[in-house]
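Colleague: Listed below, chain by chain, are the residues.
There are 2 protein chains.
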Amino acid sequence: MEMKLPGQEGFEASSTPTNVSAGELDSDLGPGPGPSPDGPSATESKELGVPKDPLLFIQLNELLGWPQALEWRETGRWVLFEEKLEMAAGRWSTPHVPTLALPSLQKLRSLLAEGLVLLDCPAQSLLELVEQVTRVESLSPELRGQLQALLLQRPQHYKTTGTRPCWGSTHSRKASDDEEAPLREQRQNPLRQKLPPGAEAGTVLSGELGFLAQPLGAFVRLRDPVVLGSLTEVSLPSRFFCLLLGPPMLGKGYHEMARAAAVLLSDPQFQWSVRRASNLHDVLAALDAFLEEVTVLPPGRWDPTARIPPPKCLPSQHKRLPSQQREIKGPTVPCLTSAEDRHRHDPHAPSPELQRTGRLFGGLFQDVRRKAPWYPSDFLDALHLQCFSAVLYIYLATVTNAITFGGLLGDATDGAQGVMESFLGTAVAGAAFCLMAGQPLTILSSTGPVLVFERLLFSFSRDYSLDYLPFRLWVGIWVATFCLVLVATEASVLVRYFTRFTEEGFCALISLIFIYDAVGKMLNLAHTYPIQKAGSSAYGCLCQYPGPGGNESQWTRTRPKDRDDILSMDLGLINASLLPPPECTRQGGHPRGPGCHTVPDIAFFSLLLFLTSFFFAMALKCIKTSRFFPSVVRRGLSDFSSVLAILLGCGLDAFLGLATPKLMVPREFKPTLPGRGWLVSPFGANRWWWSVAAALPALLLSILIFMDQQITAVILNRVEYRLKKGAGFHLDLFCVAMLMLLTSVLGLPWYVSATVISLAHMDSLRRESRACAPGELPNFLGIREQRLTGLVVFILTGVSIFLAPVLKFIPMPVLYGIFLYMGVAALSSIQFTKRVKLLLMPAKHQPDLLLLRHVPLTRVHLFTAIQLACLGLLWIIKSTPAAIIFPLMLLGLVGVRKALERVFSPQELLWLDELMPEEERSIPEKGLESEHSFSGNDSEDSELMYRPKAPEINISVN
Amino acid sequence: MEMKLPGQEGFEASSTPTNVSAGELDSDLGPGPGPSPDGPSATESKELGVPKDPLLFIQLNELLGWPQALEWRETGRWVLFEEKLEMAAGRWSTPHVPTLALPSLQKLRSLLAEGLVLLDCPAQSLLELVEQVTRVESLSPELRGQLQALLLQRPQHYKTTGTRPCWGSTHSRKASDDEEAPLREQRQNPLRQKLPPGAEAGTVLSGELGFLAQPLGAFVRLRDPVVLGSLTEVSLPSRFFCLLLGPPMLGKGYHEMARAAAVLLSDPQFQWSVRRASNLHDVLAALDAFLEEVTVLPPGRWDPTARIPPPKCLPSQHKRLPSQQREIKGPTVPCLTSAEDRHRHDPHAPSPELQRTGRLFGGLFQDVRRKAPWYPSDFLDALHLQCFSAVLYIYLATVTNAITFGGLLGDATDGAQGVMESFLGTAVAGAAFCLMAGQPLTILSSTGPVLVFERLLFSFSRDYSLDYLPFRLWVGIWVATFCLVLVATEASVLVRYFTRFTEEGFCALISLIFIYDAVGKMLNLAHTYPIQKAGSSAYGCLCQYPGPGGNESQWTRTRPKDRDDILSMDLGLINASLLPPPECTRQGGHPRGPGCHTVPDIAFFSLLLFLTSFFFAMALKCIKTSRFFPSVVRRGLSDFSSVLAILLGCGLDAFLGLATPKLMVPREFKPTLPGRGWLVSPFGANRWWWSVAAALPALLLSILIFMDQQITAVILNRVEYRLKKGAGFHLDLFCVAMLMLLTSVLGLPWYVSATVISLAHMDSLRRESRACAPGELPNFLGIREQRLTGLVVFILTGVSIFLAPVLKFIPMPVLYGIFLYMGVAALSSIQFTKRVKLLLMPAKHQPDLLLLRHVPLTRVHLFTAIQLACLGLLWIIKSTPAAIIFPLMLLGLVGVRKALERVFSPQELLWLDELMPEEERSIPEKGLESEHSFSGNDSEDSELMYRPKAPEINISVN
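Listed in order, the protein sequences are those of chains A and B. Using full-length UniProt numbering, read the first sequence as starting at 1 and increasing by one per residue. Using full-length UniProt numbering, read the second sequence as starting at 1 and increasing by one per residue.
Not one of these hints is a red herring.
Chain copies aren't distinguished; within one or between two, either way the pair holds.
Once the Cα atoms are required to be at most 20 angstroms apart in a straight line, the calculated SDA-like pairs of lysine to any residue come out as:
#1 K107 x E293
#2 K621 x H845
#3 K107 x E292
#4 K252 x P67
#5 K844 x E74
#6 K621 x L840
#7 K662 x G651
#8 K107 x A285
These aren't lab readings, by the way, just hints derived from the structure by calculation.
Turn these sequences into a full structure, and let the hints steer you where they fit.
Modeller: Written out as structure tokens, the structure reads:
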């Protein structure tokens, strides 16, 4: 069966080399090497595989109303899970895992063993089938006719088309030839659209029939699947037909037996066997094999009537299937932990991106070769509505970032750079990177560590009275040179030493800086707009004009009609008015009075805006998994969460009309530093040898750039994100180096990959499968990999220089709130945070994490404590004058991780972290125990463990 | 088995007639009429029952290390659920429902069938037991000795005492006589304290033993349970012993077989049968009976390694047990929906409180007779720390309520009543009610409906120029008379017509009034403390003194040193200063200027306080079900949630020191209306016949009082709350009538039961069982029924008149936030709200509610829509001048509900509502289908459905 879900991927351009769609879901389960990141050729193998068995839709029709008004009614259906018809409520139950009673399976077995089993029955219509099935010795001709008439009676399906429960109206018509055609309601069944093409049907008919002397069991496999009139709810060709009738017996005997038959038919392995069975013995053997593998729940500890919701994932079925059939299975949810995900690749061989070629620039050339074939699709794949939302979200984040860092840089460099440079540089560098880079999902930005370094460089050059921009130009030239050397020597393969330990340390630090900055800037507003404390008996503020002579007369003369002037005169104020302090100063007066420095309301209102936008964005994000609203609405709300939060904030602000601080965008296109052109002169006032001396700080900066760039790249290219187009570590570093050169020449800020925004970018581009069977959960398929969203974001950023009239309505507190949201989202998604939370939980309340099953709690806590200590150290160093060695400290994280080998066993490190290249060899290759906790109550934890949709995007979720 | 959980109920005074403790849990499962609300005699029957089988603790010891270092290790244990030892992590797994593979059960069966089964083995020690067990023909004497030595080897138990994983140190010592004594670590095992006294142990020993030629199976039931040395982790007398050894075989054969044996032994019915088995055949029959009842999960749809968390409730086991043994079962969690809860009482017989005696005042006398024996325990039962928290919480709510309603009443009656009357009346009436009433958990308060009525009464008497208080006195006298008539005629039995429909309509209305008032008062603050809009060019405010003559000189003379004066002079202001407006007015000046009416910061800061206290209280309430912190801490935080939220708000307020509006408590003890004494004169200025005319409004008020009082009483006395001491509908109404008289004479407000606060009161007094087996969930046991908390609350309220210096630090916005919290909590707990939410959910995302399985969705929505319409109508009537007929409209709700019988079938009403007395007869008595949805992902919904802890207290959850 080639599984193609119609309409699954909206605008997915099928002409591109990517063959997304649920197809890839299958390859995950195959025994092969998994989705190879080698480019377009990877997905072709699938077409060559053996043809797969079609999906089976199973329906249970029950004979009700004995003895008066006999009628067939559909009472259950199965694709992956069971749906029961709630007779009283007239609705399908929620899909659930079917549960059976053991006796009903055993009774079914004996009924089949004694009954009629027709394999490859050549019947071409329901009439023929019924004739074949009723050809049983024990029936008198009269009874046979009666039975045939009964079996041809049209069954009642529950119609799901309307909103009111409603049953087919006619139920006494005999089947004639034209009855064999499917009814309109069958074709219009919404389930039909969901099931993949090629799906087949199986029907189980059961019930109590008083005139039968003994039970009648029949199991039919049709040679050619045909649509059996209105037998099934959906107009599908039927493959299987099972009849279980008999004299009335105690309890729900036939009902349970029929359910057992339906559940059996919905089992992938039984299906496989029974499609290939050649006689009764094979069918019974398949049933026995099913029994061998069932899970048994004890009666005293489990309510047999409880309905188990579909698990988030199912065990891989390919172990159960015979080897030649491993490719064949239903659309089950694969259940891979990230540890397994990691191990699907041969752990001993690094991924091809990180294999050393041994040639100069070999890695770079390979990156270009690997990425080039994807280039057209990098634009075509962006044709999806989701990308529009992503552009809006990331654009706003980028602009906010540009403004924030622009302000900070202007502060740090005494105006040598500013918001203008920040905008221009972001736009130019970002767009160029998106066009050329190996991983175009990356968003370039000024980052905290680089800002810290630039501040130190500026104070150094001021101390030595250097001309800053020329000196900086040389630093940039040296850094670009060093980076080129790193590219040439394929140093990027060393990123394999950046395990999760390093990533988490770095990522937590960056997230904390985000959070710290957002809160800090918010609190700073309280200084800008001071609050008036209670208890000060004097308040208010007067605007006093210099002396009775001065320009008082001019003032009274020029503006005699202003309301405040009249008031001032009214009050007997000759040379004073009640103008607000800024206005007063502008008009040449002096604000006087104890209230002149207070600004009412702004501080608290800003805080309200900040909190509102933060919590609103968080809440909208959560709406995605709530029960309310149709999924389209929920997805929309959650995709646009930050945009909507910003709009809400702007609306609130506009409604109250308070003078909150607003986003300020430069209006003129010229460098911030007066009197310089866009090009930096190579030497300026500096001596020539400073250009050589610049190599020393450049060395430190190179380490920082390398770490900052590559850790982000490693995080973005994690296996869990199921990227198809591969990474380009060498190419990315090369691009960064070239942009370093460009920005240094133009006197713009330096840019590297920004972890948090890049992750938000990827998160807004998640692709998920549509469920095709009731109860199936959407599957994470990967990221919409393309270059267009990033490109548009940066073009918009460039254009924003001219968008000032619109953007000036956005209050800054709202943007701080969004920053906080981004920081919190990034921080809360790393496993480290989850382990920190474990510290606060008593052991017995801890979630049933796989990690905790394999590593003693004290060891887990020790590992967490070490990470916390490293993080604290990094934070301290970042905040002290020693910040210049910060790059080295990041490198030190790798060393600490290496040292941990002496404290933790490789097995422990495998669960707590990942393995470094050497360690991988020390672990015996054995299948990872694939125990899975039940989805249970705590959706967060179970998600943490095996939701294959991949870590809520952000970073390394277990 | 008499289940007594030691230390389960803290300070529970066991000398009182209540026999709480898990005992009542058993009676829920018994076939009898359930806990009868008939008073002390109800619980005695339990002691008469047949002796119950003890609880069984089962341990699995596995033989590991073949062939080199053989040792026994405990690898699993069972009480209710399974706990597996995580070898690598060195911890017990979370308790989970055991799952078995069918083949292992079948293998176990055949091994037992061929093996040794010793029933009533007289062994008195491990040595004797081992000798008996190894007396097998197939063993050579040499092997037998080797085997005996092995069996006597001390097993390794995982010690849970320390924090580090640690194993018993010695494992090669031979068992000697003194070894038979339990070890210290066995006695100190924390599990020992949890298990009820009388618990017995069962041990399963299994493993691969190379020197055995064929499998060796033995099953022993000891005649007298004895402690078998250090065989079990906990020092319990052993009853069962199962040995499963054999030559190495493929897979985890013996491990799975041993698990199957342990799970079998932990099954209540198997346990029961095997305790009574007299031969091998009985044991095998019990195993077969077990197999007949197991639940089977198909392999393709369920991961057999998944661990299923313990369900919130289990099906009643008594159907499975033979009839004479229905009393015997393990401490399972009973699984009753409130519908079942309701039906455990004979639906055709009203509860004894509501049975008509047919005598004048018969109901009242019966109420007194029923409540009198509980009177001493009503005080002794209050000796628990929880009551302290309840007092604090309810006290603050009551005081806030008193202030709010006091303010509103003063407003409505033009000062005829005020905060002083409100405090005094609340204290007097509340305390008296708590001392005398039938349901002392009720909190009396002014309520919205009564307030509305009083406002109308006042405008009426003003329109007719009546002396209000004397007229009101006569209204009160008439109401008391009418109520007495209602008591005499036992009219309270009519409350059986107040079904959930009526309750929910009333309760939703009251909750909405709470929410509306809280938000409205909060928004009013923005009028009191206006915000300054941006764009007004003039601001500031001057304090101007009347004329240059006037008292200007006096002002400059008396306060020459004030800073603002100096500044004023400095500014050249002769007859003006910068004093704040209130201060200015006080000193005889006039505030002038556009900024005089703005009050900076207070409005927004109040909003922040409001939101902070609301969300903080909500969050603390939720902490109870979170994973963080030990349960003691969580329970504390959640019990004190509102107190902590108030403290946080006060702290924030004090930290910033802004002049937010604070709680104002009267300081002097005298009536608000000047010139009146505490006693109201009977006629005043009114004509005598007004005292007769007062009967007309009194009639309406009587209806209102009756409805308001009795609906609340019905809600508080719901079966789900498992109240032991019975209700007292007649007595309560009698008390209200008497208090009506008293408050009318003293000119105090009128009081009836307040739904929201009373529910909060009960919620803060919830009793829950402590779990005795791992994985067992705490059980709702009932409410700490007593009179002391209410009494103390009202005494404190009275004392609060003198507590002004402390209470004045509480900002009003914080109290509004707590009001909002109470309203939201009450509103969100009624089923109606949950059905309103269903309106917003697409059908396929709706939770699997029992309701939805039995009633078509459109009917559910129709019912909800009718309720919404009624609510809207009530709200409109409440807000218009027609509010005087509001009492009749409440009565109308009962009529609407009666009319619904024509729209909905009795079956539908049974699920959507309850049945009215006549309808109950129309439903054929059939067992309610006891289908239970699985606990699943959505804890809220599953809780809604069958968490027997009773509706999160508040009101009628399903």
